[in-house]
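Protein chains: 2
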Amino acid sequence: MSVKTSISGFPELLPHERALENAVLSEVRSCFELFGFVDIETRAVEPVSALLSKGETSKEVYLLTRLQDPAVDMDSPKQLGLHFDLTVPFARYVFENAGYLQFPFRRTSIGKVWRGERPQNGRFREFVQADVDIVNRSENGEELPIFHDVDIVKTVDYTLRRLERFNIPGATIQINNRKLLDGAYTVFGIKDKIETMRTLDKMDKIGQTSVLNALLDSGEDELSAKKCLEFAKIVATTPEELLNNSLIKEVQVEDVAKGGLEELIHLLSAANAFHKMSADESDARVLANLRITRGLDYYTGSVFETFLDGFENFGSIASGGRYDNLVGCSIKGASSESPKFPGVGMSIGITRLMSIILDVNSAPKKTVPTLVLVAVNSEQVRTDSDFVVDYLRHKNISAISSPRAWKFGKQIEYAEKLGIEFVWFIDEHGNYSVKNITTKVQEEVDDSTFKDEVKLKKIFGKCVDDATLQVI
Amino acid sequence: MSVKTSISGFPELLPHERALENAVLSEVRSCFELFGFVDIETRAVEPVSALLSKGETSKEVYLLTRLQDPAVDMDSPKQLGLHFDLTVPFARYVFENAGYLQFPFRRTSIGKVWRGERPQNGRFREFVQADVDIVNRSENGEELPIFHDVDIVKTVDYTLRRLERFNIPGATIQINNRKLLDGAYTVFGIKDKIETMRTLDKMDKIGQTSVLNALLDSGEDELSAKKCLEFAKIVATTPEELLNNSLIKEVQVEDVAKGGLEELIHLLSAANAFHKMSADESDARVLANLRITRGLDYYTGSVFETFLDGFENFGSIASGGRYDNLVGCSIKGASSESPKFPGVGMSIGITRLMSIILDVNSAPKKTVPTLVLVAVNSEQVRTDSDFVVDYLRHKNISAISSPRAWKFGKQIEYAEKLGIEFVWFIDEHGNYSVKNITTKVQEEVDDSTFKDEVKLKKIFGKCVDDATLQVI
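Sequences listed follow chains D and Z, in order. Counting with my numbering, you get residues 6 to 477 for the letters of the first sequence. Counting with my numbering, you get residues 6 to 477 for the letters of the second sequence.
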């Protein structure tokens, strides 16, 4: 299986692939409900001013114009663009609806986002993200304590574990903390911290030497740049490993770094304890990796990326972080006196994940939700078959009539092709019988069985309780 | 309740409203599965050339440009626009993927569409449609028989009936047939049939006199125009009413009109028979109304509109029709030698329906999927509460810990506000108890109950089997 695309970067799935995607989405939704997240949906568009106010995203935005008036006006507050993630619209939604929400507000949103960039392996122009975020309204100095970051990582860890039933490998969530980086860069004497983080974010793509050269080119001292690179190599699965590292010891004298380190350590140990509680394995699945910076400017504390074992080159399949000031800057009507809405969240890249899931699963036999095909003896008596179809549907049994009055062998073949489990026959005397396509057993349906819902449903066994597609 | 919108025409829902919308969508999806429709999702964009090739839609299209290169090029095959319905993309999808599909292909798609027009009452720029369509591949002269039109009307009739649990009134599906109109217009001596249909489509908006004047202005004879108007007033719930009408008698001498009339009569009686089979009422719910024309050019036979009793002014909440040649004209790579894909379908306007459903239902008490709030005694012992939360989640019981170690009264109040049914307490000796917020009953949870999943779930009664939101 592979994702088809007739416009580059805009993937579309075949019916059996979409059935698999729906099963994945349904699993993700039920995990998010288990962790107490409320579903909301934001519109597809935002004012461009809001989309461009944060981070290195300008190249990614699709603008909207109308056929009757196709001029783009970047200075107009009415100029709209398609959202490139679900976090920026969520922050705006929270600001606009704060009076109607209970804080801390735990929200999930699953939907499409668009990026106008050149598509490459694992990257798309239109794709689906599944987000969880927790946002607080910061009043009287109330913040959003670090245990919310832990809960976000737990949610994604648990969800990815449940998705392993779709034959994907285990996932490692790699975490870092922007405050730790910020403080460390102070200690190292870095001049442009934001630029340095952006450059380091490209390490996997361009390699260590190019990163070093880029840092030197942008005016950093060689010693500072080299320390940044060394720092970015630190990886740890336990607090002890972090605390014993000499560079960590060097930077934690700085207050901001110390605060960030404490958050990172708390998150690392709490999330790994949760994972071990449930995973029947002793491996740590949450890893401190000080190379993780995230490209977007709006993160202020924890940052997360997630890699599937063996698919590391494919890129992160779940990313996010802590954003303490996302609302304040970008939203119409917000001012320095507006309440702050600190938040933390992660986003699972469903489309990217699906391209792996489609590769490692064979096509399901069943491609329709239908349980029963009612055979048609001739077009003249199609209404007899329609009566049975309508009757079954009213008993909550998914049914269709055969599209043509083919020979019975061909009607059975048609059911088999679609993966429909049962074929219903009407003989010349109007008697009913049902054939199980898998077992080939055909049994009569007498009048008392037909009229008794419980008896009727017994014919279809377990299938009838689960009308939705079983894809795995 | 009312739909909020901070950009005109782009509605967004509050969490409890979205919960209601999700319940509606879930009901719609399970009805569509019952009728054997397969879910697919098409991308949000199409080449503008495909979007503009049919019907009076040019004013409605949003074009896409990229920030780095914002010029619109209407002559380029790469110029993209957002789809304004789900039918045009579906036709293109069928053409591209025909080799992988089983025909007749019964597909559902539920998704957003966009129209750049001025929003008015009941109209939006971004809205959700829920579509069902049946498409055949026409080879060796095989067409798509009229019983598929019947099945589409049955599907929507049944679905709208199931949606009555959301306190909406009954719906009347009004049907007509373009072939009947076409043949009648031949008999009446109409010169521009397409223009006449478009003008008649505006009857409800601009009134009879304006329609007559518009027909005269566009060059039709007075006698012809008046006959069209008379014809458009014909309404019938039975075949007999139609056949006894003198104008119908006049036009059925014409072959095309006769063919259309036969289809209309078959559809009318079959769909009403289905409705009466299930609806515990004798009222006809499918009505032949010869005023219905549908604005879009691509319909070639049956056309449908649907009105909720008492909300007729609100506009149609489910529309569609038969399209025998939709694929042929608009799609890249299609030629006169390509196979034809005749189809029939309807689209339920979910967003429009939601604005009614939100008006007639009060806000549900429960706004989160969470079943249990685990109280926190102090921030120092939060991990004790987190342990319980994590344990419950692993038993598939939706839980969160209290966001703050408030006094217990305030923690209970917080659960009540969110509609969380149970609060879990840990006393100073580490003993557990659970309080039911509704009954105020608090019961101890001893160690054996805690460790026995069956016993544990009994505490939460029926709630635990249905973790998803109950909104009605």
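It is worth saying that the hints were derived from the structure and are not from the lab. Don't take each hint at face value.
Identical chains share a label here; the pair holds if one copy fits it or two copies do between them.
Stated by the list, open to error - With a cut-off of at most 25 Å between alpha-carbon atoms, the simulated SDA-like pairs for lysine to any residue come out as follows:
#, residue 1, residue 2
1, LYS210, GLN73
2, LYS117, LEU19
3, LYS207, ARG128
4, LYS345, ARG409
5, LYS370, ASP187
6, LYS463, SER223
7, LYS207, GLY466
8, LYS400, HIS434
| Any of the earlier hints contradicted here, and which numbers? | 5, 6 and 7
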